[in-house]
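Enquirer: Here the protein sequences come in this chain order: R and P. Quick note on my numbering: the first sequence kicks off at 151 and runs consecutively. Quick note on my numbering: the second sequence kicks off at 151 and runs consecutively.
Please keep in mind that the hints were generated in silico from the structure rather than gathered at the bench. Among these hints, one or two may not hold up.
One copy or two, it doesn't matter: identical chains are merged, so the pair holds either way.
[What the hints assert, rightly or not] List time: in silico DSBU-like cross-link candidates among lysine-lysine, alpha-carbon distance up to 30 Å: (1) 254 to 168; (2) 285 to 240; (3) 281 to 168; (4) 338 to 285; (5) 283 to 319; (6) 240 to 319; (7) 319 to 281; (8) 254 to 273; (9) 338 to 283; (10) 168 to 273; (11) 283 to 168; (12) 168 to 338; (13) 338 to 240.
2 protein chains.
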Amino acid sequence: MQTAGNVHSSDDWVRDSKGTAYGFDAFLERITAFHGYPAPGLVIGAKMVDLALHAMPSGCLFDAIAETGHCLPDAIQMLTPCTAGNGWLKVMDLGRFALALYDKYNGDGVRVFIHTHKVAAWKEIDSWFFKRKPKAEQDSDALLREIQRAGEKILQMETIRVQPRLMVKDSVGTRGICPQCGESYPLKHGSACRACQGSSPYATA
Amino acid sequence: MQTAGNVHSSDDWVRDSKGTAYGFDAFLERITAFHGYPAPGLVIGAKMVDLALHAMPSGCLFDAIAETGHCLPDAIQMLTPCTAGNGWLKVMDLGRFALALYDKYNGDGVRVFIHTHKVAAWKEIDSWFFKRKPKAEQDSDALLREIQRAGEKILQMETIRVQPRLMVKDSVGTRGICPQCGESYPLKHGSACRACQGSSPYATA
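Please put together the full structure from these sequences, using the hints given.
Expert: If you want it as structure tokens, here you go:
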């Protein structure tokens, strides 16, 4: 799915961490396959990851932070080796539409975010980003085309250093059997597993 | 990558939510591509998702819960439309090696977990699951082959109902500009964004 073989797009939209390039429409298809629908936030998020990847030193082993659970985790998962399940991606509920890639050994990296001043020049994106009109009134196609035209013009990048406390590997530690549910759990969670301590997502029978 | 075309495996290991089947070795390759390495927990996790998918009513629109951030989120993401970034997958830090799929409208579903009694019969899996020997002493190949032989024999499934409070769609609500960092954030988080309220993952310059 290299751009060269894609007749629908003239330019690359993104490159993943292995250097494989995707045209805009080809990447929309990949988004739909993974995420379920061509979410505007994921199209922009992919460009954010692309920008960050370009800024990282070649050969650097990096981890990732998504500052929101909306769309950005998937942009990171689609373009880098960092996933929600391998420990290399941290999803935080900070509510900012921003992500960071950083050297897993020294914490140095880059952060990319949507710049509120820059976005003001793009009517459809601004309206979507600040939810200025109901979803039903949005022109999805016009929005996607504006995102394509804007590219990285709505983004800002800065260097960051991740706090050392976040760079400690999260170890499960010794596992034991929960005396209440009988399942295995990390003993560091206490004398019973967290579900049995009251955090179960399930209604009792 | 249907099993029929894969000479390395004789049986399907898993089917995804669209019905596409993968042989054991073919799925190991997919795991390595997405997750970075053939993690035993993800191989088992895929079988757990497969079991849960089979138990869900045909045509049911479902959401997913991973009770740990280790491996299981990726098993769900690889085999269902639920991802960390589209809101259909909740990753919880309960520390139990368990996952659930549930009807997104009424919360009814199934939960699959590793059964501690059943696992005792499988030396390599038991040793890996309870960390009875250091990682360096593990025989990865023997472990993977035992996982393949054990299949669903180490798993248990139960019906669950998800608590109504978890089925409310998480809405960002109105967005405003944080007076400190100047970025957009959900106003429901308070008078400044959470990062500026002290939850920033970055060290200050």
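Enquirer: Does each hint fit the structure? Answer for all of them.
Expert: Status of the hints after comparison with the structure:
no. : hint       : in the structure
1   : 254 to 168 : within (18 Å within a copy, 36 Å between copies)
2   : 285 to 240 : both (29 Å within a copy, 24 Å between copies)
3   : 281 to 168 : neither (35 Å within a copy, 33 Å between copies)
4   : 338 to 285 : between (45 Å within a copy, 20 Å between copies)
5   : 283 to 319 : between (43 Å within a copy, 19 Å between copies)
6   : 240 to 319 : both (12 Å within a copy, 22 Å between copies)
7   : 319 to 281 : between (38 Å within a copy, 17 Å between copies)
8   : 254 to 273 : neither (38 Å within a copy, 34 Å between copies)
9   : 338 to 283 : between (47 Å within a copy, 19 Å between copies)
10  : 168 to 273 : neither (34 Å within a copy, 38 Å between copies)
11  : 283 to 168 : neither (38 Å within a copy, 35 Å between copies)
12  : 168 to 338 : neither (38 Å within a copy, 39 Å between copies)
13  : 338 to 240 : both (21 Å within a copy, 22 Å between copies)
Hint check: violations occur at hints 3, 8, 10, 11, 12; the rest are consistent with the structure.
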